[in-house]
Structure formats: C-alpha cells, structure tokens
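Participant: Residue numbers (numbering that gives the first Met the number 0): 0 to 401.
These aren't lab readings, by the way, just hints derived from the structure by calculation.
Where hints are given, some of them may not hold.
[Claimed, not checked] Label-pair distances were calculated between CB atoms; the ranges are: (1) Asn-69 / Asn-226: 51 to 59 Å; (2) Lys-325 / Asn-226: 54 to 62 Å; (3) Asn-127 / Gln-68: 53 to 61 Å; (4) Asn-341 / Lys-373: 17 to 25 Å; (5) Val-189 / Asn-229: 24 to 32 Å.
Just so you know, these numbers come straight off a predicted model, no measurement behind them.
C-beta atoms are modelled at their ideal positions from N, C-alpha and C, and glycine is treated no differently.
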Amino acid sequence: MIQILTKNNGADYKGEGIVLNSLHTPQSLDEFTVNIIDLSSSTIWRNQNSSNNSINEIKDFESISQMIQNSKKTKILILLPQNSEYKYWSIQGKYQYEIDLKDMINELKGILSSLCAFLYEINLVYENTSTRLMDDKVKAAFYFKRVSDEQILLRSEGSDKPTTVMLYENIMASTVSIPGYKELMELLTVLHLVQTKQVMPVWFEEVRMFDDNEQFKIIEENHNIINKANENISAATKKIDENNEYKSILYTNGDELVRVVFKILETMLGCDLSQFEDKKAEDFLFEIGEIVFIGEIKGVSHNVKNENVSQLDVHYQGYLDENSDKSEEQIKAILIINHQKNKALRDREPVHENQIKLACRNGSLIVETTMLLKLFEQYVAGNKSRDDCINLLTTKTGILII
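The whole structure should be built from the sequences, with the hints applied where relevant.
Facilitator: What follows is the structure in structure tokens.
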C-alpha cells in the first residue's frame, strides 16, 4: 500500500493501492510500503507573517519530520514544489507580498529542512527540464547540483541534470511534476518502489508442465462441485421463499392474507377460487361435491371476538335464504382468522371458550391460520390426504385442533 500526504485533495492520484491523507493528519508511515510527501500544492507556500522563511504548515512539517526519523522499514519519496509563487504577510486575509520560489532558494531549503534535515544539505538549482519515465515525460523546475553518481536516480532528458536523488537509505527526493496516477506509478516503477508484472501472453496458457494437468483436473472437479452446490442452494432458497409465502398468513391481513389463504385452499382441497367475485360479503365461496364452503378470512390484532363469529353466521344465513334448494347440512361456514397478528406465536392467547361455544352453536368452524398451516403441512408431507382435509373442515365445529 502507498500513502500520499498532500495539501490538496489528491484526486488526481486516486487509484488502486493508494491511500490519500492530508499533511495535517498522516497515518503511521510504517503501515505502508511507500510514503509520498507531495509538496507541489501552491497553497503550501504561504506565510501569514511578514517574513519568507517559514510557512503556515510548518508545524505539520515538524510532525512529519519526527515520523520520518522514527520510521523503520518504509520507503519515503518527497516531491518538491515547482516554481510556485510564495506569498507572505497576510492582512485581513489578503497577502501583501509574493516571490517566486526560484528567487528564494536558500529560504526554501530552510523550510524544507523542517521536514527532512537532509534537504538542507543539497544544492537546488532553478532550471526547467523534462525527464523520461516510461511512456511519459514530466516537467521539473529545479534540479540537484553537486550530488554523487551513487545518489542520482533519474536525470533529465537531453540536459542530463539530476532530478531525483537518494538522500538517505530510505529517503528520496524528486523535483519532477507528477500530474496524475499514471505518471505516479511510472515514477515509482522506474525507482523500483513498485513492481509491474508483465501480462501473460495468450500462447502461454498452452504450456503444460510439472503437475499442471493434475491441478487443472482438481480445479475442474471442484468447479463442478461448486456449481452443483450453487444449484442446490438456489433450489433450497426458492423453496424457503415459497414456504415463507405460506407462513406469511401468520402476520398479514387484507388482500395479501386472502391471496395466500386462497393458494393454500386450492392446493390442499382441489377447489377453484379463480372465479370467485368479492362482493364485499363473504370472503370465499366454493363447492366440493355436495358441500358448499362459505366463509370469512380476517387478520386482526386482537383475539377472536363474538362479532367475528356472528358475522360468519350472517353470511351462512344469507346464503341459505338465497339458495332454498340447499340444506343446512350442505353448507359449511368457516372463519379463517389470523388473530393477534402482531404478537409472536408463543405470546398469543388461545381463543376464548365463549367464541368457541358460539361457533359450535352456529355449526361453524374457527380455523386459526396456525392450524391451517399445520393441516397444510401434513397434507404436503403426505400424512393427510385431500379427503382427510376436506372431511376435517366439513365435520368439525367450534375450533379446529390439529
């Protein structure tokens, strides 16, 4: 990983393996393989006081200097400024004087020495040059004079002036201007601070040696296992989603509750509710053989009330009045109810005996959604046949218990 300490937001340096931090809030240098201290921002070179021998960020320089001295293993590259305008003596937020850095090199070296003492010992000379990296050439406004050949890492193209040097074992300085991520990675590559891996050619994939064939066979076999496992997971997830849809009748109400209850009844009883028209009376009406099933589907926050059972009897009596050819024994009134729907199942109170007695007196059946699911579960598992389910709903009165 590479840390870049900069005064600007460093947006141009963003890329893989790059962590950007301000000069004011650096992370520990030894947490990174390479640390780059970018001094190129013109806003660094400002001093509110009346002299040109310091900067506003001098305390940040001093803090980083301590970190450099204490670092044990990281590589440090200091990118020196270009020929920026140095501004000083601020009055009411406006700087009164300015001078080019090239015209204050001794003062510039003094400021830089607050960051790294080795920078005071170098000879910095103003001269605009270009340095070849890999694909790109970059500009530099300064170069280093009177440095040993062993220190020189990069020279300008044509004029052969040192633009990047080794200051100490793990500390380098460069005068080149780095405009973006691409040029930065080229610079780090030619300085051997990062390694670039050559792209494998297509033909290389055909070269099989050592135990390649055995390893490719293992990979293929395990891919097949993974694909089969993914298929199994997908099928199981789909089945769980289907189960959850059925179980949703434990917390829903309204149209969603009716839709899923219809799906359960059609599957379990073999009835067809697709043609049922809701006229705001009963919630379902269907025939199986000679038996007419008529009923209410409700989702409520309270326990079952008398009015819920009585409303079911109203539908029952209304159907009898309109269908004189049907006997009372041929009509089965059922209340399917998700009561106390906002409570966990373990916290729900049982249906009160009064409502059960009322249902018995009316010849109707209360079916809690919990019981409907248990009956449906036994049907799906093959423990109860369709006829068993129909017989239970037809013959039972009061409340269904599975």
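Participant: Next, verify each hint and record whether it holds.
Facilitator: Quick rundown of the hints versus the structure:
1. Asn-69 / Asn-226: 51 to 59 Å: holds, 52 Å
2. Lys-325 / Asn-226: 54 to 62 Å: holds, 58 Å
3. Asn-127 / Gln-68: 53 to 61 Å: violated, 33 Å
4. Asn-341 / Lys-373: 17 to 25 Å: holds, 21 Å
5. Val-189 / Asn-229: 24 to 32 Å: violated, 45 Å
Consistency note: the structure conflicts with the earlier hints numbered 3 and 5.
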